[in-house]
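Asker: Sequence:
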Amino acid sequence: MHPMLNIAVRAARNAGDLIQRSSQNIEKLTIDQKSRNDYASEVDRAAEQEIIKVIRAAFPDHGILAEESGEHKGNDYTWIIDPLDGTTNFLHGFPQYAVSIALKNKNKLELGVIYDPSRDELFTAERGGGAMLNNRKIRVTKQSSMRGALIGTGFPFKTMENIEPYLGMFKAVCADSAGIRRAGAAALDMAYVACGRLDAYWEIGVKEWDIAAGVLLVQEAGGVATDFSFNDKYLQSGNIIVGNPKMHQLMYHAIEPHVPARLK
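Residue numbers (the numbering used here): 1 to 264.
Simulated from the structure, these hints should not be mistaken for lab results. Ideal Cβ placement from N, Cα and C applies to all residues, glycine included.
Just the calculated beta-carbon pair ranges, DEER-fashion:
1. Pro95 x Lys137: 24 to 30 angstroms
2. Asn25 x Phe230: 43 to 49 angstroms
3. Asn135 x Met160: 40 to 46 angstroms
4. Asn25 x Arg56: 26 to 32 angstroms
5. Arg147 x Pro95: 27 to 33 angstroms
6. Glu256 x Asn25: 44 to 50 angstroms
7. Arg10 x Pro245: 29 to 35 angstroms
8. Asn25 x His253: 46 to 52 angstroms
9. Pro60 x Arg262: 37 to 43 angstroms
10. Phe157 x Pro260: 15 to 21 angstroms
11. Met160 x Lys53: 35 to 41 angstroms
12. Ile163 x Gln236: 21 to 27 angstroms
With the hints as extra help, turn the sequences into a complete structure.
Answerer: What follows is the structure, encoded as structure tokens:
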């Protein structure tokens, strides 16, 4: 395993252990509302600090982009951290949340780690080295039609601005697929595409720390990731479609008629 990936795995597991210990005392946690339907707890902040501590000890010159503490400038390497993706799920005892850590060199994703502490599932990816789940190679599905496909998504719940175009997309995808799942943690949705539990996934307006590790996982598992204009600006726009090559194409054509200019 790449030395930097070892550090990312250690940081993710340390944060995951902290999260799981805290899950036994959720009612005692201090919870802040950052914005409409966007929450953070002391666990988010403690997990993030644990991740940063592990990374800083190994790579003090690297930059960091973290959900709770923001951007810390460094050299050409930047660690992208979501200490607890699925905070609302966690606070309700709904076991669908994860730690997400990615590493960029300049603008190229090099490493991705997503750790689900409630299931002890560790997803890892290295650029050019494939994607793994608990040290076993994973691949996207071979699904080649919407009929029978299981699709992941996320509702645009933080603002109502995009609800109408989203509902158009939802109807188009729902018409032919076997089902749509909205579990509430983008990182895990993308990890599930990478390992074949979902055939595709799309969402509007997610943050870079939500999807950076998942993008590399999907790509290294043989899948495709684009924004709604079939380009690679998803980390900037937060609008993303992922899937195996055929499903990605089908998803793009299904939702494209419902994408307003502001989302392209």
